[in-house]
Each structure stands twice: as C-alpha cells, then as structure tokens.
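Residue numbers (the working numbering), protein chains in the order written: chain A, 11 to 466; chain B, 286 to 517; chain C, -4 to 172.
Hints listed in this document are in silico derivations from the structure and should not be mistaken for laboratory results. One or more of the hints may lead you astray.
Stated by the list, open to error - Derived CB-CB ranges, DEER-like:
| id | chain 1 | residue 1 | chain 2 | residue 2 | range |
| --- | --- | --- | --- | --- | --- |
| 1 | C | E22 | B | G318 | 29 to 37 angstroms |
| 2 | C | A7 | A | V122 | 52 to 60 angstroms |
| 3 | C | D134 | B | G318 | 23 to 31 angstroms |
| 4 | B | R304 | A | L451 | 27 to 35 angstroms |
| 5 | B | E289 | C | P29 | 32 to 40 angstroms |
Stated by the list, open to error - Output of the computed footprint for chain B on chain C, the stretches with three or more beta carbons under 8 angstroms from beta carbons of chain B:
| id | stretch |
| --- | --- |
| 6 | 118 to 127 |
| 7 | 143 to 155 |
Yeah, the Cβ is synthetic: ideal placement off N, Cα and C, and Gly gets one too.
So you can see what is in the structure, the chains are spelled out below.
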Amino acid sequence: MKGSVTAPVTEDLRLAWLLMRGSDRREWWRVMLTAVGAALATGFGLAALGIGAVRGHVHFPYLNGLLDEPGIRPGVVVALLLLLVPVLGFLGQCARIGAVHRDRRLASLRLVGATALHVRRIAALEAGLACLLGSALAAAVAVPLVLHLWDRPPLLLWAGFALVTLAVPVVAALVSVVALRRVVASPLGWVRRVRPERDRSAWLTLGAPTLLVFAAAVLVLVWGTQASSTAFPLAVFGAVLLTAVGSVAVAGATSKITGRWLATRTENAAVLIAAERLRTDPWAAARTHAAVILVTIVGVGFLGIRQLLLHDLNGPGPGHNYSAEDMAFYTTGINLTGAAVLVALTITLSGLAVGAAESLATRRRGLAAQAAAGVPQAVLGRALLLETALPLAPAMLLAGLGGTAVYLAYGLLVGVPLPLLPLLFPAAVYVSCLLAAATALPLLRRVIRPGELRYT
Amino acid sequence: MSNEVPLLAARALTKAHGRTQALRGATVELRAGEILAVTGTSGSGKSTLLHCLAGIVRPDEGSVVYDGRRLDQLPEKQLSELRRTEFGVVFQFGQLIPELTAIDNVALPLMLAGVRRTEAHKRADEWLERFGVRGQEELRPGEMSGGQAQRVSMARALVTGPKVVFADEPTGALDSLASEQVMTALVHTVRETGTTVLLITHDHQVAAYADREARLLDGVVRQDSVDLEVAQ
Amino acid sequence: MSTRHILLGLLAGGPSHGYDLKRRHDERFPQARPLAYGQVYTTLQRLVRDGLAEVDGTDSAGGPERTRYRSTDEGARELAKWAGEITPPAPFVTNEIFAKVVCAILASTEPADYLRAQRAAHMERMRQLTAVKTATGTDLATVLSADYALSHLDADLRWMNTTAARLTTLTAEVDAA
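Use the sequences and the hints to build the structure in full.
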C-alpha cells in the first residue's frame, strides 16, 4: 500500500488528465472560466506590481501623466488590488460549476482505494493547472508590455512577476484542498443534503485577514515611515480581504434572515421556493453577493466624490483656476477610477450569471420533475430571480448607506453641497444584477425538458 | 371488457430518443377509476409511455386522448396546467423540492392554484395524515427515509384532487416492507377518491396492487415490434 | 407439511376437541388449505397411539358428545424437537412449469404460449392475494401468509420471464439431446 501513498506526482497528473478528458461539458466550463478568473487576478496583480515598482518622478506618455507622480501611484495600486475582490468572488462561483459531479467522482476514487492525500493532490492539480493556464496567459501579455514601456525594469520586478504568476495557481490549489476536506473525508461522498454548518469556518476566514491587518499595522508602527512602502500594500490587501469576508458574512446573514422571514410568511409559491433555498444554504450566493455589496459601496462613494471633485474643479471662486493640463490630469484620474469600478461591476455580474446558471444545472433533474408535475416554468423562473433579488435588496440598501457615508465624510470635509445622484447607483446595480441572473432563464427552459427525467 | 369510453387512451404511439426507439406503436387504454400496471423489463419504454400519456412529452406518431382532448396536440401551456390540475405524478425520486419542508412540498400545488397558505397547509396536513406521515411535517426530504419521502410525494400528487395519478416506479428505491406500506396507502386512498392510476413498475408484487396489467415487451426480445399485451 | 406437529402445536395451547382444532387451524393459518375433519380425527388417533397425546375427557354441552384431547410430556418434547429442526431448503426441485415447458418442446408445441397463459394466471392470483392483504381490517397472520404466497408466485414469474427470453436456446438444447 505504501506505493500508492508515494506515487509520483506525474501519475496523479495523468489520472487528473484522464478524469478531465472523460468528464462532461460543465467541467470544461469550470476549467475555462477558472482560467479566465486566474488571468484577471494575475493581470491585476502584475499591473499593481509594475506600477508599485516605479520609483520617483517619471515620464509616462499615457493617461495625461497620471502615473508620473509618486503620490498618485499608491492609490492606483490600491485600486488594482481592490479589483481582486470581485475576481475572487468570480473564481468562487466558477469553482461551483459541476462541483456535485466532481465531488462524486473524487468520492468514488476514494471508494476504490485512493488515499485522502491522493485525492487531494488530484483535486489540487486540477484547480492549480487551470489557474496556471490563466496566469501564464496574463504573464505572457504583461511581460512584453513592460518591456515595451520600460527600458530597464529592475531585476526585482521580474522576480515579483514570477512570484505572482506562480502564487495564483498555488493559492487556488490550496483553496481547493481546503474546500474538499469533507468529500475527502468520506468515500461515500454527500448523497443526502446536509444543512451546511459553515459559521465556524466563516469566522476562521474572518480571523486570518484580521491578523494580517494587525500585523501590517504593527509593521508600520515598528518600522516607521521608511518601511511603510512595504507595509502599505500588505495592509491594503489585508483590509480588502477583511472587507470581502465581512461582506460575505453580511450577504450570508441577510440571505439567512430574509429567507427565514419570508419562508414563514409568504403566500407566493415562487417566493416560498426562493426563500427556503436561501434559508437552507445562505452562503451559496454570498460570495458573489459580497462582491456586489463591495462594488456598490465603492461605486456610490466614488460617484459622490467624483461629483464633489468636479464641482470643486469647475466651480467659480478664488484658487479654483486650474490649467487645462491640470484639469485633464484630474479628470483622467477620475475616469480611470470610474473604469475600474465598471470593470469590477462587470466581473461581479459575470460571477452572478455563472452562479445562477450553475444553480440551475445542479438541480436539473429536480427541476424537470417539478415541471413534469405541472409547476409552471414562470414560477421556477421567478424563484430563480428572487433568489438573487431577495437577499440583495437589503444588502443594496446597506451598501448604498455605506457608500453615502464615504462621500458624506468627504463632502463635510471640503464643505460643498451634497449630490443625490450617486444614490441611484445601488438601484442601477440591483437592476443589472437581476438582468445578469436573468441570463440563466434560457438555460432553465432547456433544463426542464423531460429528457432530464430519464435516469442515466 | 366494457364498452365505456376510456378516460385516457393512447393509440399506436411511437417515440424515439435519438437512435433508440423507445416506443413502436404502443396502444393502451385507461378506464376511469381503475389502477393499471404497466410492466416490462428495464429499457422497454415504460417511462416513455408514461411521459406520453401524462402530456410530459409528445409522441412522434400516434394519438393520446384524455377526456375528449388530444394531448399530443395541446400547447405546452395548457399541458402544464392540465398536469397541475387534473394529473398527479409520482416518480422514483426527485419531485420533492429539497429545500422545502414536507408540508410546504405538499401545499405547493395548492398555492400554485391560488389557495391561501394557511388553508393549503390545513389540507396538506390531512393528506399527510392519510399517508401516515403526520408528525413529519417539518422535515425536509433529505431528512426523511425513502418510504416517508415517497408517501409525501404521493400526498403531493393527490392533494389537488387529480383525476389521474401517474406513478413511475414509485417503490423503485424502497425495500419490500416500505414498498408495501407505500402501495397500501396509495391503493386505499385512490379507492376512496376514485382516482385513476397508471402505475409503472418492473416488480410483479407492486403490479399486483393494480386491477389490470399491460406488459410492454422489449423490441430486442421479440424481433417484430414492441407489443402491448393486456393480461386478463 | 406435518399435520401431526401442527395439531400438537395447537394442543399446546390447552386441551381441545377435534372440531375446535380444525377451526383454530383454519383461523391461525389463513389462505392455507383447510383441514378436513376426518384428517384431524385420524391424526389425533395416531397421536394417542404413539403416546404423544391422550384423551382429556368428554364435552357434551348441549350438543353431540365430543372427545377432548391434550398433549402429553412426550408430545411437548416431540413438538419442541420439530419446531427447532431446520426445514430442508428445497431438497428436490419440483417445478411443474418447467416440466411442462420441456414436454411442450419435446411434443413440438409452442411453450411460449403456455408460459404467457401461465404468467397471466400467476398475476391474477397475485392480484387476488394482494386484494385480500390490503382489505381494511386484515389481521397480520393473513398479511403474512399472503406475503409468503406472493413471494413464491413472484419468484415463479421472474423465472418464467427469464425462461421465456431463453426459449430458443432451451429448444435447441432439448432437441439436440
């Protein structure tokens, strides 16, 4: 038996490849989308690294000299790192595609005698390789770009590039190992639905970033200002993670509370189905919803500050005469941030659409049986949309308040009349979320075809 | 054989799934109030026959007449409504919504028909009692035994007072004792309500609960064609 | 089936006379072939002859005189021995259906037709038994004896199905021999 434990990684690799080749279309979707997510994550990481590596005042021919100033660049780096949050949400959704099938497959590997270690390695290889594909692509684009823009990039930058490109797949592999610990535990897999008890693990993941932020803060205090250039990105990253996990917790909690509240009161069949689904597994959608909340907070805050700034820039009065060059500099900065918010929103909405489609694909047989029993397609479709709409409504309200708080604080600081337009942003996000979820409706029509009733 | 008009009649049904020919001219009649068992080996087209008769799929050729209406020509929307109001279905598994409690699962068809939830729960409760699963109202399907889940499924199929109940291997996943309890509960109930039942099964002991048996023979066994033979 | 031992078993419940034993037998073993009174009488006499039972007295409560029997200690021992003995599981395969199928092949008639008719008869009997079983207020003894018969009929049916599917091979084999 010892041989199987010490089986070379190449054997696992071959097995992973064989399993992948024989798997159904959905698993390929998972690999493709995971690769896309990894490419985005690596791309943002490399961009942040590249900009962060620039020292002093430089001349950069693009973006109206926005990146020339050493004072602006950390802000850009932070923005790029913040974009990792929706990407993580997207990757989290992608990992669910075909997850039931994959878990069953891994469980059956256990059943025929594979050790837990073996199965973990195979799963890690699958996830890691998919991400490596994406991050390698991102690196392949980033390296020539840097060479084109920068005559002599420091050697350390290349080391950083290599580190980020490799870190993304390694982290993905580690995460997949952690996520699979339950499947690995039992060769029988999870046939019956068990109410998930994730509260503890949620607290654990909440604890880790808190420690990270704490460590960063300590670093800043101990090393003083010179060292803060290293501690700063660390602190930002910790803060981002913390906010993300906090948002997951908020999204999960609102799902749970909304579900429980509605499930006992509703008179509507579609609402009942959606509410009970939320109550049973409030964390399912929390990852994408968390990203939505975060994007909304940032979006509202940004729109508010943007209006205040523009008001300030265009406004009459002494000390407000900016040169055209300065104006271009500021508006570019503002527009760039706006673009970042839009990119984040797009990624988040893609994650939402993927999540809705996956939710349908996993339940295809049950849905087909319900359609056969005469549950109208419209009711099933409404339940699907409500699953997105119900928990997001209170979350959007909170996020809108959060974002407003951000620009209110800023506005009070500069003392100008406060705009109301940004308050429309949560509503716009809400509508686009529903539209994203609605992209899964054509799939519903396919899923409830009676062909799904034939047990294969 | 009586001369009365059958409640549901299929004539010369053919249906292919891709390259496999599931039905090759199956003819069967269901009289009002009877329990008809359709038996046959696995892959003989039993489920496809049920799907055609229940208006879940359209046959390639042939006709399905229910109560004077051609089901094979009815638009999907009306079929869905018919399945919701006049038919009930019980499958081997899958028709219960895993997130809903037993009572909500049973009450759902009533709620779809516009019955208020409190009233729907009251009626669902009566049906759960009839099938001997009272006290399990708050359980979700994953927390029930197979036999309990099937009895909840049957309560759900019957709660709207359908004319015909279609049961596809309702005891397929159950041991013989659970299967006996489920079938006894079903037979007692439909005898009381006068509901017509089409029962698909490969198990003779389950088929013996029916009044009549129609046997679907696999095309592979007999070279000519699938022939539906009514045992007397 | 040993009528001797069954009567000994019924007597173990207390002394009783022939008619009473027959009635109790038919009640206790529903769906079984009913005991003939004559058979009860002769069996009781043999039990007395072998010392397993003895006459307990006579009853004449407003009717004809009836002899009451009771089990002896020897009878109780014999009953315990029999009840603990393993019934030989199918020592010989006695299968009339199979014999008929083989004979039909030998006589060059169509065994498939016979099997189909036999199958229908089996199903009909199973429906009857199931109806008895599911009737409201049926006692457990009836359910259990119906179940026993149903399981056996089911086994026959399954055997008939596989046989019907393999008649061509069987015909070739029988004809070749």
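We went through each hint and held it up to the structure:
1. E22/C to G318/B: 29 to 37 angstroms: holds (34 angstroms)
2. A7/C to V122/A: 52 to 60 angstroms: Holds - the Cβ-Cβ distance for A7/C and V122/A, about 55 angstroms, lies within 52 to 60 angstroms.
3. D134/C to G318/B: 23 to 31 angstroms: holds (28 angstroms)
4. R304/B to L451/A: 27 to 35 angstroms: Because 31 angstroms falls inside the window, the suggested range holds.
5. E289/B to P29/C: 32 to 40 angstroms: holds (39 angstroms)
6. 118 to 127: holds (count 6)
7. 143 to 155: holds (count 6)
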